[in-house]
Amino acid sequence: MNQLESALILTLRETIPWESALEVHSSGTLEFIDPVAKFDAGKYQKRDRQLAFRDLINAAAVAEVSIRVSDVWNYRAIQPTLQGPVRKDLINAGNQQIFSGTNAPVQHVDYTSVPYDAAQFTDRYLYGRDSIIYEALAQACAIFADPPITSVDTAGTIPAVSAWSLAEGVAVRADINRALALNRDLFKQPDRNLADRDNQMAGYVAKMCQVLKDPFQFAERIYVEVAVVDPREPEIYTFAREYWDSTTDYVTGNEVFNQIGWFRALVDGPTEPTPANPQWLAIDSPTLRQFVGEPALNRRNRIVYDTSAKTLQWFRETTSLVHVPQIVALSIPGIAVGQTLDTLPRIPEAKDSQFWRGKAAQIVPPGEQLIDQIALDFTASDAATGGFTQVPAASLTVPDTIQFQLTGALQNGNHLVSVLVNPSPMVEIAGAQNIQGTSGTLGGATFAVNPATVMDGIQYLVVGGSGVVYNGGTVAPGFTFTGTSSQPNYLALGGSDLRQFSCAWRLALPVGPWTARIDYTNLEGNTTGFGVKATYGPASADPVVVFEDTVPLPFDAEFNGSIARSQKVGFDVIDDGGFLFQTYWTYGNGNFQIRQITFESTAIEQGHYAMQGTLAGNQLSNVDVVGESYHPDILSFYFSTGSLFNPVFGLTWGADSELPIQFKAIQVQTIGTYTPTPSSQLFQGWRQEMTERATEAIQDGFRRAAIAFGTNTPLFRHDDGTWDGTDTEQWMAFIEMYQPRLREIEDITTGNITDGRQYQVDGGPIVYNGTEYHDGQKFYGLISEGRDFSGSSLNQVGAMIKARPGHLGKPCIVPFGVYYDPETQETRSLYAGSNCYPVVAACQPWMIDVGIYVYAADFWMPENT
Amino acid sequence: MPLVTPAIFSRSLALPIALAQTELRRGKQIQIMQFDLKAGQLLELRALNLHLLKVLTPGVVPVYVNRSLGLASVGVYEGTMLTGAGALVKGLQVGVSQFNPWQVRRFISPGTYTVLVSNNAQNIDLSLAVTGTLKVYTA
Chain E
1039 MNQLESALIL TLRETIPWES ALEVHSSGTL EFIDPVAKFD AGKYQKRDRQ LAFRDLINAA
1099 AVAEVSIRVS DVWNYRAIQP TLQGPVRKDL INAGNQQIFS GTNAPVQHVD YTSVPYDAAQ
1159 FTDRYLYGRD SIIYEALAQA CAIFADPPIT SVDTAGTIPA VSAWSLAEGV AVRADINRAL
1219 ALNRDLFKQP DRNLADRDNQ MAGYVAKMCQ VLKDPFQFAE RIYVEVAVVD PREPEIYTFA
1279 REYWDSTTDY VTGNEVFNQI GWFRALVDGP TEPTPANPQW LAIDSPTLRQ FVGEPALNRR
1339 NRIVYDTSAK TLQWFRETTS LVHVPQIVAL SIPGIAVGQT LDTLPRIPEA KDSQFWRGKA
1399 AQIVPPGEQL IDQIALDFTA SDAATGGFTQ VPAASLTVPD TIQFQLTGAL QNGNHLVSVL
1459 VNPSPMVEIA GAQNIQGTSG TLGGATFAVN PATVMDGIQY LVVGGSGVVY NGGTVAPGFT
1519 FTGTSSQPNY LALGGSDLRQ FSCAWRLALP VGPWTARIDY TNLEGNTTGF GVKATYGPAS
1579 ADPVVVFEDT VPLPFDAEFN GSIARSQKVG FDVIDDGGFL FQTYWTYGNG NFQIRQITFE
1639 STAIEQGHYA MQGTLAGNQL SNVDVVGESY HPDILSFYFS TGSLFNPVFG LTWGADSELP
1699 IQFKAIQVQT IGTYTPTPSS QLFQGWRQEM TERATEAIQD GFRRAAIAFG TNTPLFRHDD
1759 GTWDGTDTEQ WMAFIEMYQP RLREIEDITT GNITDGRQYQ VDGGPIVYNG TEYHDGQKFY
1819 GLISEGRDFS GSSLNQVGAM IKARPGHLGK PCIVPFGVYY DPETQETRSL YAGSNCYPVV
1879 AACQPWMIDV GIYVYAADFW MPENT
Chain C
182 MPLVTPAIFS RSLALPIALA QTELRRGKQI QIMQFDLKAG QLLELRALNL HLLKVLTPGV
242 VPVYVNRSLG LASVGVYEGT MLTGAGALVK GLQVGVSQFN PWQVRRFISP GTYTVLVSNN
302 AQNIDLSLAV TGTLKVYTA
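Protein sequences appear in the order of chains E and C.
According to our numbering, the first sequence is numbered sequentially starting from 1039.
According to our numbering, the second sequence is numbered sequentially starting from 182.
Hints in this document: simulated from the structure, not taken from any laboratory.
Please read all numbers here as calculations on a predicted model, not as lab measurements.
It cannot be assumed that every hint is accurate.
[As the list claims (entries may be wrong)] Here are the computed lysine-lysine pairs in the DSS-like style, where the Cα-Cα straight-line distance is at most 30 Å:
{"hint": "1", "chain 1": "C", "residue 1": "Lys209", "chain 2": "C", "residue 2": "Lys235"}
{"hint": "2", "chain 1": "C", "residue 1": "Lys316", "chain 2": "C", "residue 2": "Lys209"}
{"hint": "3", "chain 1": "C", "residue 1": "Lys219", "chain 2": "C", "residue 2": "Lys271"}
{"hint": "4", "chain 1": "E", "residue 1": "Lys1389", "chain 2": "E", "residue 2": "Lys1840"}
{"hint": "5", "chain 1": "E", "residue 1": "Lys1076", "chain 2": "E", "residue 2": "Lys1389"}
{"hint": "6", "chain 1": "C", "residue 1": "Lys235", "chain 2": "E", "residue 2": "Lys1840"}
{"hint": "7", "chain 1": "C", "residue 1": "Lys316", "chain 2": "E", "residue 2": "Lys1840"}
{"hint": "8", "chain 1": "E", "residue 1": "Lys1816", "chain 2": "E", "residue 2": "Lys1840"}
{"hint": "9", "chain 1": "E", "residue 1": "Lys1840", "chain 2": "C", "residue 2": "Lys209"}
[What the hints assert, rightly or not] To spell it out: a stretch of chain E is covered by chain C in this simulated footprint if at least three of its residues, at any positions, have a beta carbon under 8 Å from a beta carbon of chain C; those stretches are:
{"hint": "10", "stretch": "1141-1155"}
{"hint": "11", "stretch": "1256-1268"}
{"hint": "12", "stretch": "1660-1666"}
{"hint": "13", "stretch": "1671-1677"}
{"hint": "14", "stretch": "1720-1726"}
Every residue, glycine too, gets a C-beta built ideally from N, C-alpha and C.
With the hints as constraints, model all of the structure from the sequences given.
Here's what the structure looks like:
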């Protein structure tokens, strides 16, 4: 009410003519007239022209609001044509206006008036009418979060009007002219013209208020968000016509659109609607306005506005629960208790990949479903039993058995266990993997110097001085002894030092030529090198010297702790039954540490793997495959099990002893069946379409970041052209500059909340910047609110997840030009910087190895049909 | 997608995946085709069908060589392991199994891609056929 309703019936003209309008003073004050000064018609003329300018401002305001309505609701609202540029902001001076009654009248001059009456009364009434018109429009615009125009009623005195006075308005081209006779009409005619201009503007504003009051009546598009319960991000619903379909049986009251307009059926089973067909009644617009969202499922995913009952009703993609029609409003209750449907009066934003993830999830296709369950992302840990734990991963170097303790629960059913493997003729053993239990910094084996006590089974060398008393005897300098647990103590005589003399590793390798290389360092004191001797000792033969100590391993680094590397020394492995690699520190000062020993063969290019997998010890699955050196690949095992908790996954490699293999990561997935969305047969490509849209959003983010960084865009790849996991993380973080909801990362720790990223609570409540959030709730990190939070688990929200072995073949986002090079046997990138454009591709094993991200499961489709 | 102009059309190539009815012995594989993808090229799979026509050793309970791959399988490989297919169609019984035609599998990294069909049982011989198409797009 009080939105100039009676002005709705006025016939509007398209153009608001300029008609000599003059810009008003910046204070909003009209030309001042001194009543005691000599009469100057020019001043009165100027005031009228300034009033005419205020009409133009109102027209500009209507145009501005009309543009906003068009942008938000895609509805082409009425818009007056302006004859020149005018600002839309009305500067209102309270002392220039008069209001009287409730209908915005004008007190025109009469035959008994003096000229000053026009300034004192009539002009002020006209000024007030402009204010009323502008204020009515500004009040209606309050539904926008950032209104195009704002209220000018600072004093709260501008009345709201329903019945608009025409104020004797007539479109006459009249102006106060010095040459004309000084009579009533000299002032009244121009004022009547101004009143007519006001009437036109009142009519425009009245119509605009109608649209703003009930946008659903006019909108071609609405932007709707589901909030609080089962929230959904804002999305567009588009007004859709119900076209006449010859195969449909219509009944009385059905409304359809056919060719030229809308029709309402007057009988049951009518024929094609035409203006001449008496079975149909031509109508201006339908009673039910339907707004359809994506995917446009039959009779679903729509919001229906009943123009007669003034209600809104929502139909989701499933109709198991019905939405009760609600009285029309911008915010209405949804289906679930506490849920709201909010129609947002703003222009839809560009959508990111996380939004398209949510849309993809709305259509569930029929077919086989893979559900991620348990994962072991790093196998070089206590989770592996058996085999040889190398630096990068647990491994089998020869046919043997290895077991992995997995953490998690599985329900009974069919499961797929996928293992990321790297067949590798390079075996890297950490120094601390020795059989004596000799440990040291960063996983190395530090040869003890002057230990507090001797250790059982370790061989020691006496260096210098007068010898060492141990176990009832004296060991002379240059001689060795082996410690026993019954005699942990010793006594050094005359300045003798006691050093650990040897350390051994037990290993098995396939038969053939191998090389060994030692990575070592000095941890304390000064030294120029270490005398090191190493032997290869198979069980079936005498030890063979691999490293001679004739020439010491040099250590000429600038500081202790830096790694030096020996030459590769060749030797032949004569059987795959295992051997002892014994090393001896024979001479040299300092404190010797072996960080790593690397065994390598260049003769092996392929290996045959006949393996048997077990899950929880009592299920078997076989693989029989051929692997290529340094080429990451996937082994997969199929099991049917009952319910399991923390199962053990075992691998037994039966044949052939050719090429060692690393097990880099393991994933268990349950094989299920999708519960498809009912009646969605025409939308089976929906998830593929959403993948394409998400890819475009990611590509747009990369482009914007590359433009912003310019020549400072990171290269991403290494200087030698190789690409690894750190490069992938850097590349993804670069895209996240403009696509903050890109990666889904679990278990975010306090101190790592990042501005612009979205987070979701997993489990108990967390507190961020004084606000408590509960399970499932989401919030955005803000730079002003810090990076810390307290409480339980928090996940970063994003459309992409880190690729795991079970994600083979799934769509992933990969830098253009990154590939696996079989010649150099490593992952490389052809391009750098802004040329590393993100593209979608099928996930391959080497991509998983370098930490590529795949699209989340909501995007996945069954592989086979 | 842009319009199919003569210039664009000339830069796309359809590679047939075709294996006529073949007797595939137990535990054996057949390489149907191989393609070297160069930098700037895109390989796209939309259609791949495995026709398991007949079990030539009826009445035998299958003993699987690669249990996760079903009785027979056809896949697109960039590596050598049969369980490492970038796209895979599994046949569990006589009939037709097809790659989901609603999804697209893209291979964009340079390398050699192989289409391989395998008999994953060590005690059953099969008669099968394979059809499909790979499309190659060049920038």
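Here is how each hint holds up against the structure:
no.: 1; hint: C:Lys209 / C:Lys235; in the structure: holds (16 Å)
no.: 2; hint: C:Lys316 / C:Lys209; in the structure: holds (27 Å)
no.: 3; hint: C:Lys219 / C:Lys271; in the structure: holds (28 Å)
no.: 4; hint: E:Lys1389 / E:Lys1840; in the structure: holds (22 Å)
no.: 5; hint: E:Lys1076 / E:Lys1389; in the structure: violated (67 Å)
no.: 6; hint: C:Lys235 / E:Lys1840; in the structure: violated (41 Å)
no.: 7; hint: C:Lys316 / E:Lys1840; in the structure: holds (28 Å)
no.: 8; hint: E:Lys1816 / E:Lys1840; in the structure: holds (21 Å)
no.: 9; hint: E:Lys1840 / C:Lys209; in the structure: violated (35 Å)
no.: 10; hint: 1141-1155; in the structure: violated (count 0)
no.: 11; hint: 1256-1268; in the structure: violated (count 0)
no.: 12; hint: 1660-1666; in the structure: holds (count 7)
no.: 13; hint: 1671-1677; in the structure: holds (count 6)
no.: 14; hint: 1720-1726; in the structure: holds (count 4)
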